[in-house]
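Q: Here's the letter readout for the chains.
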Amino acid sequence: SAVISQKPSRDICQRGTSLTIQCQVDSQVTMMFWYRQQPGQSLTLIATANQGSEATYESGFVIDKFPISRPNLTFSTLTVSNMSPEDSSIYLCSVADSRAFFGQGTRLTVV
Amino acid sequence: GENVEQHPSTLSVQEGDSAVIKCTYSDSASNYFPWYKQELGKRPQLIIDIRSNVGEKKDQRIAVTLNKTAKHFSLHITETQPEDSAVYFCAALYVDSNYQLIWGAGTKLIIKP
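Protein sequences appear in the order of chains A and B.
Residues in the first sequence are numbered from 1 upward in steps of one, following this note's numbering.
Residues in the second sequence are numbered from 1001 upward in steps of one, following this note's numbering.
Derived from the structure by calculation, the hints contain no laboratory data.
Quick reminder that beta carbons are idealized off the backbone N, C-alpha and C, glycines included.
Be aware that one or more of the hints could be misleading.
[As the list claims (entries may be wrong)] In the SDA-like style, the derived pairs of lysine to any residue whose C-alpha atoms are separated by at most 20 angstroms in a straight line are: (1) 1022(B) to 1110(B); (2) 1042(B) to 16(A); (3) 1042(B) to 8(A); (4) 1057(B) to 1074(B); (5) 7(A) to 1038(B); (6) 1042(B) to 12(A); (7) 1071(B) to 1032(B); (8) 1042(B) to 60(A).
[Claimed, not checked] Far from chain B, some chain A residues (derived; all Cβ distances over 10 angstroms): (9) 45; (10) 48; (11) 74.
[Stated by the list, open to error] Computed footprint of chain A on chain B, listed as stretches where at least three residues anywhere in the stretch have a Cβ under 8 angstroms from a Cβ of chain A: (12) 1074 to 1084; (13) 1104 to 1111.
Can you build the whole structure from these sequences, using the hints too?
A: Laid out in structure tokens, this is it:
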């Protein structure tokens, strides 16, 4: 299984600022995914990030708010821009080959 | 689009008893069904999965069954232990996408001592 390192593990940010979350994988993977998970809720897919192409965003999520980079097959970043308290959540990166695995998650609190 | 329903939302069982969590899916073309366990404050961890060419898969105290005709699959945990307490998520692979998993809402499993 892929080993995924996600950072930061948590952060407290001021509203109006931006936070970039990084996800590093120990092997090359084609597909990476970014999820948001509210406390006590299921996983909501934000976007799919494939290397060499623009990220594909799910309904309700836009590139201006959640820009994603995927410069190579082992790394991706998600930026949460112009944050508001409603963006407080856990953000998870995930990779999939034949199975899906997750990073440790980033617990974001916007004050 | 694909939809996955998961029941119950909360399940409380006595230690040593069995627990069963059920999921139904809508896309008949789905062919892969994983189960994840998420402990408080931790990432989801894959515990077992099944592909559509088999009807049952077991791994020690955990088993998953799949009924393709009825489009439902279930997680069975036998001889439950306190460390089984967690939130469990089912998922189904949405065939028309790039390996996009559609997630159930989750089941909070409580093991009573």
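Q: State for each hint whether it applies.
A: Hint by hint, here is what the structure shows:
1. 1022(B) to 1110(B): holds, 16 angstroms
2. 1042(B) to 16(A): Roughly 28 angstroms separates the two Cα atoms, so the pair is violated.
3. 1042(B) to 8(A): Distance ~14 angstroms between residue 1042(B) and residue 8(A) Cα, so the pair holds.
4. 1057(B) to 1074(B): holds, 11 angstroms
5. 7(A) to 1038(B): holds, 19 angstroms
6. 1042(B) to 12(A): Holds: residue 1042(B) and residue 12(A) sit about 18 angstroms apart, inside 20 angstroms.
7. 1071(B) to 1032(B): Status holds; Cα separation ~12 angstroms.
8. 1042(B) to 60(A): Not satisfied, since the Cα-Cα distance of roughly 26 angstroms exceeds 20 angstroms.
9. 45: violated, 7 angstroms
10. 48: It is violated; residue 48(A) is separated from chain B by about 6 angstroms at its closest Cβ, not greater than 10 angstroms.
11. 74: holds, 17 angstroms
12. 1074 to 1084: violated (count 0)
13. 1104 to 1111: holds (count 3)
In summary, the numbered hints that this structure violates are 2, 8, 9, 10, 12.
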